Amino acid sequence: MIDADTGWQTAVITAIVPRTAGITSFIFKLERPFRHRAGQHVDLRLTAPDGYQALRSYSIASAPDASGTIELAIERIDIGEVSPFFHDVAAVGDEIELRGPLGGHFVWRPTDAGPLLLLGGGSGLVPLMAMLRQRQQDGVATPTLLLQASRSWDDVLYRDELLADAARPDGPLLRFALSRSAPVRAEDYGRRIDAAMLADALALLPAPPAISFICGSNGFVNTAADALVGLGIPADTIRTERYGG
Amino acid sequence: MVTRGFTGRPRAADPTTRIPPGQHLVDYFPVLSAGPTPHITPEKWRFTLKIGPRPVKTWSWDAFNALPMTKMVRDIHCVTTWSMLDSQWEGVLIDDILADAFIEPPTPFTLAHSFDGYSTNVPTADLTTGKAMVALKYAGKPLERDHGGPARLLVPHLYFWKSAKWINGLQFTERDEAGFWELRGYHIYGDPWREQRYTHD
Chain A
15 MIDADTGWQT AVITAIVPRT AGITSFIFKL ERPFRHRAGQ HVDLRLTAPD GYQALRSYSI
75 ASAPDASGTI ELAIERIDIG EVSPFFHDVA AVGDEIELRG PLGGHFVWRP TDAGPLLLLG
135 GGSGLVPLMA MLRQRQQDGV ATPTLLLQAS RSWDDVLYRD ELLADAARPD GPLLRFALSR
195 SAPVRAEDYG RRIDAAMLAD ALALLPAPPA ISFICGSNGF VNTAADALVG LGIPADTIRT
255 ERYGG
Chain B
2 MVTRGFTGRP RAADPTTRIP PGQHLVDYFP VLSAGPTPHI TPEKWRFTLK IGPRPVKTWS
62 WDAFNALPMT KMVRDIHCVT TWSMLDSQWE GVLIDDILAD AFIEPPTPFT LAHSFDGYST
122 NVPTADLTTG KAMVALKYAG KPLERDHGGP ARLLVPHLYF WKSAKWINGL QFTERDEAGF
182 WELRGYHIYG DPWREQRYTH D
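First to last, the protein sequences are chains A and B.
Numbered according to the numbering used here, the first sequence terminates at residue 259, and the numbering increases by one at each position without gaps.
Numbered according to the numbering used here, the second sequence terminates at residue 202, and the numbering increases by one at each position without gaps.
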């Protein structure tokens, strides 16, 4: 059912794809397709038999396209009530109320000036993935670097897709910061993100980033944003999104 | 529409009437912001009242802290759906700021401005008569930088993005001029009880 006044529509889960131990992708077929901007989110609304409703925002992982579907990558939060539902109960064919696309700040356009710096912490990669996928899909050559912090090599969301993207001629530069395991590639880091690592990252770009997107936990975002400002990147070119709020 | 298999968290048979629709309770204080967290020292801190483009009065940190302090215990509701009950605040009522400048509320609308360039619009009537303050303390301690310290606006009856962090002034305007999030898809007023989250709600 579409409610034209509020934008709520019913979407159907058409595929469920485990990505890492804690993160699973859900593909939704939209009743009323939209073309989002990379970085935007949707709100999902779950309703219990007694009328109780839970509302949560999830970033869109897929690039804007004409498929009429979107991908959400949902991390299981054990103490939550919505992500455990998706991980334990939701099945292909289920109908979920959804509205969007939402948010007008943490968004990237293929025409935006570069270089582009993306800093992801854990599942904070999701909105950045939409940007990288659109960059690839549209053949954009903007110099781009993704520094992705994850616990281990196997916890890196979209790892193989990122590696394949980075291997393309115009692919993004890619660095992983693994906090609980040794780096697998020589160019990666076996520690949490810090200012020295960000200085390395900036040196890889042909010029200071015209725009930086940082998404992750509050601690990750604060560390990364403070370090960038300390390295001389203007605060008004840095956009942040903090999970756990 | 009932979602197949969804029960939600265990809840009391008679749910509290203090949680607006679509919100859920949290027992910690989440942090959200659009950009880096500014560092503002007391020496650099200023707070300015403006009517339109015209500055009316500016306070230093010490002068502002000499204004009458008021305590408030309020429930707060964030548009990202968390709510926190009984949060304890201390700061200067907007009424007392106006009184210190010897002015009455001059125009029907206000834009709050912040050190990081953020702004948000609030009808002036929602700031006065004890409804709102510039908060300097949370839970008895100086407001942490993450939560908007040294000073943030507190308009507890509206969604929490209206309670601008790192506030550095109030500007009275003749018209309701959309602020940062209001220009980026969020509701112009933001009443949690009417679930005014996004522009067309």
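The set of hints was computed from the structure by calculation and includes no laboratory data.
Check the hints yourself; a few may be wrong.
Listed next, with one range per pair, are the computed distances between beta-carbon atoms [as the list claims (entries may be wrong)]: (1) A:Ala221 with B:Pro21: 27 to 33 Å; (2) A:Pro220 with B:Asp63: 44 to 50 Å; (3) B:Thr8 with A:Lys43: 21 to 27 Å.
As the structure is a prediction and not an experimental result, all values here were calculated from the model.
Every residue gets a Cβ at the ideal spot worked out from N, C-alpha and C, and that includes glycine.
Checked hints:
| no. | hint | verdict |
| --- | --- | --- |
| 1 | A:Ala221 with B:Pro21: 27 to 33 Å | 46 Å, violated |
| 2 | A:Pro220 with B:Asp63: 44 to 50 Å | 47 Å, holds |
| 3 | B:Thr8 with A:Lys43: 21 to 27 Å | 25 Å, holds |
Checked against the numbered hints above, the structure violates only hint 1.
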